[in-house]
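The listed protein sequences correspond, in order, to chains B and Z. First residue of the first sequence? That's 12 in the numbering used here, and the numbers climb one at a time after it. First residue of the second sequence? That's -6 in the numbering used here, and the numbers climb one at a time after it.
Keep in mind that the hints were calculated from the coordinates and are not lab data. None of the hints are false.
Okay, the calculated bits of chain Z under chain B, using three or more residues with CB under 8 Å as the criterion: (1) 81 to 93; (2) 102 to 110.
20 Å max Cα-Cα, derived SDA-like pairs, lysine to any residue: (3) Z:118 with B:130; (4) Z:151 with B:215; (5) Z:118 with B:136; (6) Z:151 with B:116; (7) Z:151 with B:136; (8) Z:151 with Z:139; (9) Z:151 with B:218; (10) Z:124 with B:136; (11) Z:317 with Z:287; (12) Z:118 with B:140; (13) Z:118 with B:135; (14) Z:151 with Z:184; (15) Z:118 with B:133; (16) Z:118 with B:120; (17) Z:118 with B:134; (18) Z:151 with B:121; (19) B:56 with Z:27; (20) Z:151 with B:115; (21) Z:151 with B:217; (22) B:56 with Z:28; (23) Z:151 with B:120; (24) Z:151 with B:224; (25) Z:331 with Z:363; (26) Z:118 with B:139; (27) Z:151 with B:223; (28) Z:317 with Z:294; (29) Z:151 with B:144; (30) Z:118 with B:132; (31) Z:331 with Z:187; (32) Z:118 with B:129; (33) Z:151 with B:222; (34) Z:118 with B:121; (35) Z:331 with Z:346; (36) Z:151 with B:139.
Glycine is no exception: its CB is placed at the ideal position from the N, C-alpha and C atoms.
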Amino acid sequence: MWDFLGDRYEQILFSGWQHFSLVVQCLILATVIAVIIASLVYRSKGLTSVVNSVSAIGLTIPAFALIGLLIAPLGFGVTPAVIVVAFFAALPILRNAVVGLSGIAPSIVESARGIGMSRFRTLLQVELPMAWPIILTGVRVSAQMVMGIAAVAAYSLGPGLGGFIFSGLSRSGGANSLESVLTGVIGVIVLALILDLLLVGLGRLTIPRGIRV
Amino acid sequence: MSERNASTSPAPSAASTGITGASILLDHVTKRFPGQVHPAVDGLTMEIPAGKIVMFVGPSGCGKTTTLKMINRLIEPTEGRIVVDGDDVTEMNGDTLRRGIGYVIQAGGLFPHMTVATNIGIVPKMLGWDKARIAARVDELLELVSLDPALYRDRYPKELSGGQQQRVGVARALAADPPVLLMDEPFGAVDPITRLRLQDELLNIQDELQKTIVCVTHDFDEAVKLGDWIAIFNEGAQLEQYDTPERILGDPANEFVENFIGSGAGLKQLTLTRVEEVGLADAVIGNPGERAADVLARVAEAGHGHAVIVDDRHRPIQWLSRRKLGRLDLISAVPDPKLPVVGIRATLNDALDTMLVSSAGAALVTGRRDMFKGVIDVRTVMDAITRSQTAAVLESDKAPVGLNTGMFQAQASAAEAAEAELIGAESSSAQSSSAQSSSAQPIEADGSGADARAAQ
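I would like the entire structure built from these sequences, with the hints used as guidance.
The structure is reproduced here in structure tokens:
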């Protein structure tokens, strides 16, 4: 095992970094998309329940199947990987963003409007900052989930640690196959922990003391 | 609107009277909510004079809050015009309008993720003030609402008590120095003692600033205490009586108003006399750090029983009896939290309450920014009660202009009543009778308004 790691540590670090970077970029993309969608729908009861159902049903789609489906139109490579990871990342964030935005006391929104903030300014300066702790919780859940999904995305020859897992599994029983799989799996777990710590730190920095629990 | 007001509104009025408020006119304003048969506000015409406090009272669901929110167009009127300071604001941009009108809701409506300073500075920031000016304004306003800027500037709303949050809410509403302040049940969420203090403070602030304040409340005593004018609403924002507290108590326009005032109207006269109108007794004043013996000597010389200790801003912090002074060596600067204090614009009712709660038999009176003014005792209050009971009726013709032109609404509800009769008896009998009775009342109310004009 140590030999395996020693021989390939550069490759492992590079794949790990690619994996991490894929997940973080997809998370950012997913957060932006989810917050925009949530901002558009949270004031309508009907749309909110549609969005909630979509995010619940979306999570039941097997990641592997979705990648398989996307390879046909998009081919192998980074594009299908990014789409799949961002798609799954967006679902929990979307749900939390809708919950967070609709959970703000109407009196707060009224007082924002009452002192002359426009609808958009109210959203930007009052509602989103107040919903941010809940949105960030969604981002953390997403981050954990899509670390694993990003590994699956290696099936479409996307970047990341998934390569070790798939190559190990395909040579099951062969030399270094177990080491390869273990490297991939443990690497994903370590990255997940690091990212979670970073997100906790982000929360510390971005959530004002007034609404910290 | 803010710019326009800054340039136009204070100039003509402020020069002569110190009033910084603007008059408001609701001109045949109607609000129909979709899916409701009866309009929430039905053809209301109402003048709100500049620099006065007008209280809207009435049973819940009577449309008083809707009426208030139509002034800053948080709720858009279906028909009619809103005129602020002579300008028709019905068509202007709502956000711009609202930046020029202060708005206070229950519990302050502060933004929990912003500090006190950010909360207060938010409207000036939207108006494009520079940072230094905003910071100076924030401190000025915190002083005005009796909060120490150094202590409270950087706190978050959750680190404040309910009363303090409410004060910050008022400070925020006043931040850009708007001519009009709208308050929606502002003191509903605080305990009774804090409420009295906040009411006193509002009166002191108003004394200083002379804004036009429109305030919704369900508490008639609060209306009597705060209001220069009280508008009593019935369902559909039917104006039952719009008059001074004295006249509403002394001469209720109709049965509805009588019922609304409730029993004990005689005792409510107590709420008509303000502490400032009765004689205050002087007190011996001491400062923290003085030797108690010196203060005691002054107390003995003046023949008093107590000395009032005030801080560097002349706010009372302790009230020491001779015996306590005798035991002390140096006078400390620690404020006594249970000090019986009433504002100078508080009513005798409040003063009596405060005395009874503190069992002191007297209370300290404070004026602007909580500065010590004098002492009021039970005997003064009792004398005033006796006097006010005999004088109550005589005051009635003092009422100035500011009336409900209720003609439109009387016609409208008369038409409604006729319609209801046409539709059929089975469902509408109760409705039509209520409509008829209410159609009769505004005419009466209008009549009394005309009387008031005639009397002038």
